Every structure is written in C-alpha cells, then in structure tokens.
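Protein chains: 2
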Amino acid sequence: MSVKAEQRSVSEVSVIQIMPSWSSGPSKTAILTFIDEVCKEGGESYVRPEDRIAVFDNDGTLWAEQPIYFQALYAFDRVKEMAPQHPEWKEREPFRSVLAGDLKKALSGGEKSLLEIVKVTHSGMTTEEFAASVRKWIDSAKHPQTGVPIKEMVYQPMLELLDTMRKWGFKTYIVSGGGIDFMRVFSEEVYGIPPEQVIGSSVEVKFELRDGVPVIVREPKVGFIDDKEGKPVGIHTHIGKRPIAAFGNSDGDLQMLQWTAAGDGKRLCVYIHHTDAEREWAYDRDSHIGKLDKGLDEAKAKGWTVVDMKEEWNKIFK
Amino acid sequence: MSVKAEQRSVSEVSVIQIMPSWSSGPSKTAILTFIDEVCKEGGESYVRPEDRIAVFDNDGTLWAEQPIYFQALYAFDRVKEMAPQHPEWKEREPFRSVLAGDLKKALSGGEKSLLEIVKVTHSGMTTEEFAASVRKWIDSAKHPQTGVPIKEMVYQPMLELLDTMRKWGFKTYIVSGGGIDFMRVFSEEVYGIPPEQVIGSSVEVKFELRDGVPVIVREPKVGFIDDKEGKPVGIHTHIGKRPIAAFGNSDGDLQMLQWTAAGDGKRLCVYIHHTDAEREWAYDRDSHIGKLDKGLDEAKAKGWTVVDMKEEWNKIFK
Chain A
1 MSVKAEQRSV
11 SEVSVIQIMP
21 SWSSGPSKTA
31 ILTFIDEVCK
41 EGGESYVRPE
51 DRIAVFDNDG
61 TLWAEQPIYF
71 QALYAFDRVK
81 EMAPQHPEWK
91 EREPFRSVLA
101 GDLKKALSGG
111 EKSLLEIVKV
121 THSGMTTEEF
131 AASVRKWIDS
141 AKHPQTGVPI
151 KEMVYQPMLE
161 LLDTMRKWGF
171 KTYIVSGGGI
181 DFMRVFSEEV
191 YGIPPEQVIG
201 SSVEVKFELR
211 DGVPVIVREP
221 KVGFIDDKEG
231 KPVGIHTHIG
241 KRPIAAFGNS
251 DGDLQMLQWT
261 AAGDGKRLCV
271 YIHHTDAERE
281 WAYDRDSHIG
291 KLDKGLDEAK
301 AKGWTVVDMK
311 EEWNKIFK
Chain B
1 MSVKAEQRSV
11 SEVSVIQIMP
21 SWSSGPSKTA
31 ILTFIDEVCK
41 EGGESYVRPE
51 DRIAVFDNDG
61 TLWAEQPIYF
71 QALYAFDRVK
81 EMAPQHPEWK
91 EREPFRSVLA
101 GDLKKALSGG
111 EKSLLEIVKV
121 THSGMTTEEF
131 AASVRKWIDS
141 AKHPQTGVPI
151 KEMVYQPMLE
161 LLDTMRKWGF
171 KTYIVSGGGI
181 DFMRVFSEEV
191 YGIPPEQVIG
201 SSVEVKFELR
211 DGVPVIVREP
221 KVGFIDDKEG
231 KPVGIHTHIG
241 KRPIAAFGNS
251 DGDLQMLQWT
261 AAGDGKRLCV
271 YIHHTDAERE
281 WAYDRDSHIG
291 KLDKGLDEAK
301 AKGWTVVDMK
311 EEWNKIFK
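Chains A and B are the protein sequences, given in the same order. Under our numbering, the residue at position 116 of the first sequence is numbered 116, and the numbers go up by one with no gaps. Under our numbering, the residue at position 207 of the second sequence is numbered 207, and the numbers go up by one with no gaps.
Read the hints as simulated data drawn from the structure, not as lab findings. Be a bit skeptical, because a hint or two may be false.
Copies of one chain are not kept apart here, so a pair can be met inside one copy or by any two copies together.
[Unchecked claim] With a straight-line Cα cutoff of 27 Å, these simulated BS3-like cross-link-like pairs (lysine-lysine) come out:
| id | residue 1 | residue 2 |
| --- | --- | --- |
| 1 | Lys119 | Lys228 |
| 2 | Lys119 | Lys221 |
| 3 | Lys206 | Lys119 |
| 4 | Lys294 | Lys80 |
| 5 | Lys171 | Lys206 |
Note that the structure is a prediction, hence the values are computed from the model and not measured.
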C-alpha cells in the first residue's frame with residue numbers, strides 16, 4: 001500500500017490489499033468500517049486526526065504471552081546473572097527456584113513472587129544501564145518453546161493493523177501491564193511505536209547527581225501498575241484524551257475498553273481471542289496468563305468485536 | 001514564514017523573518033545556531049527528527065507568573081465558588097483569608113498552604129468536570145494587576161520560538177510544576193501544544209464505574225510533583241528520551257536543564273531572565289515566585305544561554 005492511500009478513504013482501497021493477514025471475516029469488516037467512518041470528512045462520525053487515539057495492550061495482543069510473560073523471562077535471566085553477587089538467594093524463595101530452573105515453583109506465590117523478582121532485577125541501576133541490559137537481552141533471547149527470537153513472536157495481523165491505522169492518521173499507543181522502560185527499548189523497532197507512546201507499569205525512579213553527573217536511578221519499589229483500573233488512569237496521565245479505539249485480550253484490559261467505549265461518537269473496542277492451539281495457544285476463561293472471562297461476557301453483551309485468531313488470521317507470527 | 005521553510009536550513013532564512021520579537025542579540029544567535037546545527041543532515045551535530053525533543057517550563061517561561069502563579073488564582077476563585085458548601089472555612093485557614101481577600105495571609109504558610117488549597121479545590125470531581133471548570137475559568141479570567149485576559153499573558157517571543165522549533169521538526173513539550181490537567185485544557189489553543197505533550201504535577205486519580213458509567217475521579221491527594229528533581233523524572237516517565245533543548249526561568253528548572261545538558265552531542269539550555277520591571281516584572285535571586293539563584297550561577301559557569309528580557313525581547317506579551 002503506498003503512502004498515497006492516506007488520501008483515499010479506506011473504502012476506496014481494495015480490502016484484499018489492506019491487512020492481508022486478516023481473512024475477510026466480521027472483525028476485519030468492523031475495523032475497516034470504523035476507520036472509514038471516523039476518517040470521512042463531513043461524515044457524521046468524523047474525528048479530527050489529533051483525536052484519533054488508538055491504544056493497544058501488548059502481552060497477548062501485539063506479541064505472545066505464553067507460557068509466561070516475556071518480561072518474566074528477562075527477569076529470570078537477570079536473576080541468574082546477578083546470582084554470584086547474591087549468595088543468599090540459594091536459600092531464599094522465589095530466587096532459589098528460579099536458579100534451580102523450577103519456574104513453576106518460583107511462581108507458585110503468584111503475582112507477589114513475580115513482583116518480588118521484578119523489583120530486585122529491574123532496579124539498583126540507572127535508567128540508561130537498564131535500557132542497555134534490556135537491549136542486550138531482547139537482541140538475543142529466544143522463546144523457550146518455539147526457539148524463535150522473542151522479538152519475532154509478534155502478531156503479523158496486528159503489525160498490519162497498526163500500520164493501517166497510522167496511515168489513516170491514528171496515533172498508536174501501547175498500554176500494557178508490562179514495564180514501561182522495558183517495552184520502550186524495542187517498541188519503535190518492533191512496532192513502529194516511539195517511546196513517548198508507550199504506557200506501562202514502572203518502578204519508582206529518582207534523579208540525583210553522581211560526582212556532578214545527573215542520573216536517573218531505578219529504585220526497588222513498585223511505582224505505577226498499569227493493569228485493570230490502572231489502564232484508564234495510565235491513559236489519562238500520559239495522553240489526557242480518551243481513546244476512540246482500544247485493543248486487548250484479557251480481563252486486565254476490560255477497564256480500558258470500558259473507558260474507550262463510554263466516550264461520545266463512534267468507538268471501536270476489540271478483544272483478540274486466543275483460539276488457535278495449533279499455530280499459537282488456545283486459552284481464555286481459565287488461563288493463568290491472559291485470563292479472558294468477564295471481558296468475553298461484556299464483549300458479547302455490548303457487541304464489541306471479538307477476533308477469532310484461528311478463523312480470522314491467515315498468518316499468526318511475523 | 002511558509003511551511004516550505006522546513007525544507008531550508010535556518011541559515012538560509014533571513015534572521016529578521018524568524019522570531020521577529022527577538023532582537024538580534026546573543027540569545028537569538030545561540031538558539032538559531034543550535035537549530036541550524038542539529039538539523040543539518042550530514043553535519044556532525046545532526047539529530048534525527050524523532051530525537052528533537054524540546055522541553056519548556058510554563059510559569060515564568062511561556063506565560064507570566066507574577067504576582068502569583070495563575071493556577072493559584074483559579075484555586076482562589078474555586079474556594080469562593082465552593083464556600084457555600086463549606087461553612088467551616090469561615091473559621092479555617094488558609095480558606096478564611098482567601099474568602100476575606102487577604103491572599104498574602106492565605107499564603108503565609110508557604111507552599112503547604114497553597115497545596116492545601118489546591119488539594120481541596122482541584123479534587124472531588126471527575127476529570128471531565130474539572131476540565132469543564134478550568135475551561136470556563138480560563139475563558140474569562142483576567143490578570144489582577146494588568147486586567148489582561150490570563151490566556152493573553154503569554155510571551156510572544158516564546159510563541160515564535162515554539163513555532164520555529166516545530167517548523168524544524170522539534171516536538172515541543174511543557175514540563176511544569178503546574179497541574180497537568182489544568183494546563184492541558186488550554187495548551188493546544190494557547191501554545192499549539194497538544195495535551196499528550198504536557199507534563200505537570202497531579203493529584204491522584206481513580207477509575208470507577210458510577211451506575212455502570214466509567215469515570216476517572218480526582219482524589220484530594222497530591223500525586224506527582226513535577227518540580228526540581230521531579231522534572232527529569234516527569235520527562236523520563238512521559239517521554240522516555242532525554243531532551244536536547246530545555247527552557248526555564250527558575251531554580252525549579254535547574255535539574256531539567258542539568259539533565260538535558262548532560263546528554264551526548266549538541267545541547268541547548270536556556271534561562272529566561274526577568275529583567276524588565278517596566279513591561280513585565282524584574283526578579284531573580286530573592287523572589288518569592290520563580291526564584292532564580294543557583295540556576296543563574298550554574299548558567300554562567302556552564303555557558304548556558306541567559307535571555308535578558310529587557311534587552312532581547314522587542315515585545316513581551318502576545
């Protein structure tokens with residue numbers, strides 16, 4: 001699709017040409033109809049380009065999240081890297097189990113264990129040191145089951161969707177429970193989303209002068225949690241406008257979709273439903289990761305778009 | 001200046017045409033030289049457009065701040081508006097003095113009194129109700145001494161500077177101790193800066209469903225303070241990149257300028273020095289508002305640009 005497409009309305013472009021990894025199902029129709037309507041100058045659903053804000057969850061929406069959030073894999077690798085300086089970890093959970101390779105046991109304490117690991121492995125350094133560490137990791141890390149580089153475990157249909165929305169003047173944001181400074185390292189390269197359009201969870205940071213050199217230091221203290229009720233709050237804090245389109249895949253995205261849906265005028269709320277056990281993973285109401293239960297009910301009740309990955313995506317990964 | 005100017009380098013455009021409210025002094029030269037160097041493709045100081053981040057303090061840098069921060073005037077008007085629902089304020093400081101019109105006494109408790117007033121007057125409503133209240137105020141409020149509408153108490157030379165930097169591909173941000181949601185109401189109209197490029201102080205906010213309708217509610221609790229050490233933190237949180245140009249007018253901006261200056265490559269750090277008692281106000285080291293003391297010393301020591309308002313600005317207000 002040439003850049004000139006921006007000048008045309010979506011309906012003037014062959015639907016086959018746009019987002020080729022999407023089959024001609026109800027989701028693709030709903031998305032393209034929405035884009036067409038809000039971009040039609042003079043139309044009753046017209047939205048000015050500056051208000052075309054679209055927000056995307058990351059884990060399970062833009063890239064995969066099974067068998068565990070990829071950022072946890074980074075944290076585990078950091079535990080191993082840091083272990084020589086922490087002999088006490090040999091006796092202390094959840095670190096002991098991470099070092100023994102027993103991830104199931106390491107995470108048996110649930111979210112609390114994961115936060116404990118993240119706090120320790122994501123702090124005690126400057127923001128620049130952290131970015132360098134993530135950069136090194138993301139450039140080499142491979143998925144534990146598929147062996148594919150982590151940064152290629154991204155959904156091709158979503159890359160095409162991001163690209164299409166941007167071509168029609170949307171500003172695309174990531175709004176994820178993942179770490180804001182973690183995602184910012186690769187968001188531009190992987191998704192074409194610049195750091196300033198990434199919203200996520202954070203540890204507390206502190207400015208200080210070290211021998212006269214200003215640094216921002218990451219503290220071992222959880223700051224903002226950009227999940228569930230936190231997502232509309234993160235959106236408000238960072239953007240200050242209500243999105244007109246929102247994409248998620250779990251109950252953690254429900255409040256973001258509710259907040260988006262409740263604005264005036266045309267809205268697009270989309271759930272990506274993981275239905276393809278062969279090419280990806282199939283999970284929803286009972287999953288330990290990316291649980292989609294209340295969200296699925298609300299999507300049905302409110303007529304939101306639910307993407308059936310198995311039926312509607314010709315291709316899954318990049 | 002036509003939009004085509006973007007294609008030319010700054011040095012190809014007549015200096016008289018650019019930023020006409022600036023006299024041909026050292027500050028204008030320093031600013032235009034910087035823009036020219038970082039935009040010169042192939043030059044050793046070239047910076048990609050996506051990294052051309054420029055940050056601006058608001059009070060005292062983009063608009064005036066004497067005799068008191070304008071947001072405090074809004075807060076005082078809110079106290080009067082809310083007084084009928086708060087009979088206890090008649091006996092309670094600092095509200096008693098605000099209602100009696102004795103602002104000096106109201107603020108005798110310093111920053112703590114002001115925060116107490118802001119907390120109460122800026123909370124207990126949804127974000128949309130707050131925005132509507134600020135909108136109503138900013139559209140009618142006048143300066144207590146000049147009688148000029150508050151939103152015209154902005155510096156014409158800075159408007160021209162913002163415009164020039166944007167034409168050469170800079171992304172301009174406000175980074176202010178003022179309230180983020182207060183400034184966002186008028187930042188686009190007054191400065192051409194969209195809400196998502198405004199960084200400021202905040203109260204805590206909370207997402208909730210009210211009879212099924214999602215709202216974001218402002219709590220009477222101070223959240224983030226975007227001043228001094230908070231400014232580099234706010235920049236990091238919202239932008240995730242280090243600016244290459246920073247503009248301030250007080251010691252509250254010092255850390256933002258230090259953080260900007262300490263990056264690699266060409267940097268521009270500018271202090272606006274209030275030297276014009278006739279056309280504006282003259283104040284620096286001993287001022288109760290916008291105190292510029294350590295910052296002035298550091299600017300001199302490090303060779304930062306200090307704008308002499310009296311000598312270098314042909315015109316002050318819009």
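| query | Hint by hint, which ones does the structure fall short of? | reply | 4
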